[in-house]
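Visitor: Protein chains in written order, with our numbering: chain Y, 1 to 411; chain A, 1 to 411.
Hints in this document: simulated from the structure, not taken from any laboratory.
Heads up, some of the hints might be wrong.
[Said to hold, decoys possible] Chain Y regions said to be covered by chain A (calculated; three or more residues, Cβ under 8 Å): (1) 153 to 165; (2) 257 to 268; (3) 295 to 307; (4) 310 to 320.
For glycine and all other residues, C-beta sits at the position ideal for the given N, C-alpha and C.
There are 2 protein chains.
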Amino acid sequence: MRCEIVAIGTELLLGQIVDTNSSWMGGQLALAGIDSLYQTKVGDNLGRMVSTIQLALERSDAVIVCGGLGPTQDDITREAIAQVMGVSLIRHDHIGEHIRRLFESRGREFTQNNLRQADVPEGATTIAEMPGTAPGLVCPIEDKVIYAVPGVPYEMREMVLGTVIPDLQRRAGMTAVIRSRVLRTWGQSESGLAEMLAARIEVLDRTGLATLAFQASGVEGLKVRITAKAADALAADAIIAEEEQHVRDILGSYVFGIDEQTMESVVLDLLRERGWTLGVAESLTGGLVGARLAAIPGASEVFRGSVVAYSSEVKFDLLGVPEGPVVTEAAAKAMAEGARKYLKADVGLAVTGVAGPAEQEGQPVGTVYLGIAMPGISDARWARMPGDRNRIREYSVINLLNLLRRRVLTG
Amino acid sequence: MRCEIVAIGTELLLGQIVDTNSSWMGGQLALAGIDSLYQTKVGDNLGRMVSTIQLALERSDAVIVCGGLGPTQDDITREAIAQVMGVSLIRHDHIGEHIRRLFESRGREFTQNNLRQADVPEGATTIAEMPGTAPGLVCPIEDKVIYAVPGVPYEMREMVLGTVIPDLQRRAGMTAVIRSRVLRTWGQSESGLAEMLAARIEVLDRTGLATLAFQASGVEGLKVRITAKAADALAADAIIAEEEQHVRDILGSYVFGIDEQTMESVVLDLLRERGWTLGVAESLTGGLVGARLAAIPGASEVFRGSVVAYSSEVKFDLLGVPEGPVVTEAAAKAMAEGARKYLKADVGLAVTGVAGPAEQEGQPVGTVYLGIAMPGISDARWARMPGDRNRIREYSVINLLNLLRRRVLTG
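I would like the entire structure built from these sequences, with the hints used as guidance.
Guide: Okay, here's the thing in structure tokens:
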């Protein structure tokens, strides 16, 4: 089964918006075992949209058209698909009524233009999921199919996961279910992980039970994706659960979470379980540690606050760091203790260092000290972060949170 | 002149990498006055690459092929272009020698595979810019042309700006120079800006001197792009400078910067000019205000630090906010004054509010109070931010910085 993606929008060609939708859909199709060999961007032009969709339909079994389903005169995906199908658009009054009620319930003005979204090519059906005001479409053409989904990412995602991919799998006669889980790791290189898992991958190659794949995600660490195929979801999930245990046994605490978990959500969960609160003292990161923690709903149960001591005087005045050099192990320790004390938290974390562009206190750019203070522990460690100012800051944040994670886990 | 873009790489189709290169090239082509009507992604497959490039060359005058120029067996863009041209690949020994020296000078191991990068289709020339080890190619086919550039963004950019776009313009017989400048605005809607500038746009439509275009950039505000075409760069720059003055006269302080300036860089510059320092008290933003300021090199001259008072007790203890409700005008004022006092800064800024998901102190999600304290001024204002938790936080940051900007400018 081959499915192409056609992304609609002149703004995509002009580079005003990066087409992340096609990338996401490509990833989901791959996970579902469906090939996507071409992905095309085309502007809001009827003739070019029609010829692009036609070509895609010649080359593949299915086409997902993304974007151009809005209410304005620019939004002509419905017209283009109707032309490819050789049919007319039919206005569905019950959909129009539904859209009108949506607008009213959100207190937004409804205009006659919005009724264009109730136009459906003859022979097509609408997608059940409709998180916005644009219905998605399933448009069969002989034994092939065109799907139309909105360009708004969350609307597109809900429709692709809820209707498009299951429908593609049904059409492909796929009775097998493919499931996957991502194990998120920090602290080991890709070649290091590959070496640790080499023997296990050999076993899997032989048995064909599941596959392991590595995926770099920059400052967020490396992902190990476990994928399994089985007769039903229950069986696939069982294979994945067993394989996850094998991988965890091998990688140990390099694994910090799964799927959508982040380092900060994991750290907050660990502290919440123990009923501990957290205070942070930040220097070169300027507030990034706190900002990432506070991005997680419910952070307030754990995260009390930060002192962003960007200037040395603030370190001395508000955190009680002894006057002197501030890019040192001693300063990192004192900052962590100060955060713990003045923010009245169970655990204090601190980061101080040189983000660049210039060196500081004779220390090269990238030098960072991470500090941690918790009952019975007052510790600091040196690290050298790679990259430019931004990467140094980002790496400092995740290394600091990872230090806390490992300390909490090992007691 | 029409130029298509073909991005090469199975990893692009699988969504492992988002194709930002095509977006960037699309933007540059548009600025140079060259149409790009289709952009296609295709995997590392010779047959599909050849047919995709052929189709692009039928529809357009030129094609930029991006990616697949590396040294491994997967990198077959050279082969695909040679096949489209109907010629052989010829190994250029002097390029091979150049690549070998590059490897030696960087202390990297040179293998025979790397010599594949010295293969050039008969009749093609290499691009002068070569920041990496992969030469770019200019491959004429009758009166049309295929360019090949590497997928590594900085290598691609240097070649596109240095050779591809000038060559396209020469082929199109463009003797005119096109220049543009972006004015960045905050605080007015797109329709509001359009209304304010309507009369000016009418004048420009009549005279054809320059064009104005709007571009939304989400929480970073709206951009107004001025583009001018003239016989040479000097003349184009003069038109732009004059038009910038017209637009600034009309939009006033909605304009906060130009081109690569950000709200935080502008605010830091304004304070630096006055010799003022800044302290911040943050609640729902968790440290984002400080993080954005500290991202700018040289921020330390101005930015002293923040107190991230995520829990109410930290507001009372470290910022001297009177005990009581904290999502209020009075609390925002007290936080700003506390930031100014305890961080020993000339200016104090504060933000408190409800990021959600739940309401707080009976105030709905999105309620935010912004506070400012500076000599002779102690003020706070209410705002209602739209969107989810993240957008509320991001909007709060830029609104707070914009409040400071306007206060500093009006004295």
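Visitor: All hints, please: hold or fail.
Guide: Structure-based check of all given hints:
1. 153 to 165: violated (count 0)
2. 257 to 268: Violated: only 0 residues of the stretch 257 to 268 of chain Y have a Cβ under 8 Å from chain A.
3. 295 to 307: holds (count 9)
4. 310 to 320: With 6 residues closer than 8 Å to chain A, the stretch 310 to 320 of chain Y meets the three-residue bar; holds.
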